[in-house]
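K.L.:
Working from the sequences, and respecting the hints, build out all of it.
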Amino acid sequence: MPKTAKAVVKTKKAPFETSELRKGIKAFFQETMYDDPVTGAKVKVGSYKWGVYAFYDYDGEPIYVGQTKEKLSGRVGRHLTNQRTDAVAMSVLDPFEVADIEVWPLAEFEGVNSKSGERFKNAKAHLDALEHAIFSRLRDESHFQAILNEKDPPSPTVTVEEPKSVRGTIVSAKVRELRDHPDTRLARRALIVSKLAQVISEREVKIGLRRVLVTQAKRIRWLAEQRFESLGGEAKVEKGPENSDEVDE
Numbered sequence: 001m002p003k004t005a006k007a008v009v010k011t012k013k014a015p016f017e018t019s020e021l022r023k024g025i026k027a028f029f030q031e032t033m034y035d036d037p038v039t040g041a042k043v044k045v046g047s048y049k050w051g052v053y054a055f056y057d058y059d060g061e062p063i064y065v066g067q068t069k070e071k072l073s074g075r076v077g078r079h080l081t082n083q084r085t086d087a088v089a090m091s092v093l094d095p096f097e098v099a100d101i102e103v104w105p106l107a108e109f110e111g112v113n114s115k116s117g118e119r120f121k122n123a124k125a126h127l128d129a130l131e132h133a134i135f136s137r138l139r140d141e142s143h144f145q146a147i148l149n150e151k152d153p154p155s156p157t158v159t160v161e162e163p164k165s166v167r168g169t170i171v172s173a174k175v176r177e178l179r180d181h182p183d184t185r186l187a188r189r190a191l192i193v194s195k196l197a198q199v200i201s202e203r204e205v206k207i208g209l210r211r212v213l214v215t216q217a218k219r220i221r222w223l224a225e226q227r228f229e230s231l232g233g234e235a236k237v238e239k240g241p242e243n244s245d246e247v248d249e
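Residue numbers (our numbering): 1 to 249.
Hints may contain errors.
Here are the in silico distance ranges between beta carbons for each label pair [what the hints assert, rightly or not]:
1) PRO156 / GLU118: 14 to 24 Å
2) ARG179 / SER136: 22 to 32 Å
3) GLU118 / ALA14: 42 to 52 Å
Simulated from the structure, these hints should not be mistaken for lab results.
Idealized CB from N, CA, C, for every residue including glycine.
P.N.:
And the structure:
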């Protein structure tokens, strides 16, 4: 084997896009500062434990909403870089599609944990209500009136107001150049739809996963139609016999 081939095989570096994604997530959570409403200080947004997060695709469409009480940076990082998370493993969420992240920290509950008694229950109720509010709003604002969550958030038991959010991109200019082309995105969406359909065909799944499949089908059709129309649509379709590659004998 050539020396250069051995070096490539033995490399410990992650693939370019994987490495860039990790850098983008790390930069967002470590370099983005949040005006803490409790202390008045500027705090790294990734340091908050309690909060809600949302992912957006390259069209700015909301595609997933979640919550965490362990740490925003850790939870989001696992979603987008760890194939073992349920949403990724089941092909509900494709990290390839995520261009932007938005987070809503619940600063008032920092330091609260499972040993905090009633305060923990109160914090969890606020977290559930905030996730429900953000999920509902983003779903209504979506072009498809749908988000790729397999489950709906818990029904709220308390009233909450959305705290100030922070939104930022996690893809570099080079990665955007590689991924942003509509034909590339169509091919990727088709792959994910195929994988999701296979999961559904091979397992006993909840109805929510079938809803995700319907939403993904709507998203790929919309993008395919946009691409078709942008290139001229029906007016540009060629005329002639379908089997034009046949050879006359």
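K.L.:
With reference to the structure, classify each hint as holding or not holding.
P.N.:
Consistency of the hints with the structure:
Checked against the hint of 14 to 24 Å, the pair PRO156 and GLU118 passes, with Cβ atoms roughly 18 Å apart. Range check, ARG179 to SER136: Cβ separation about 29 Å, and the 22 to 32 Å hint holds. Checked against the hint of 42 to 52 Å, the C-beta distance between GLU118 and ALA14 comes to roughly 44 Å, which is consistent with it.
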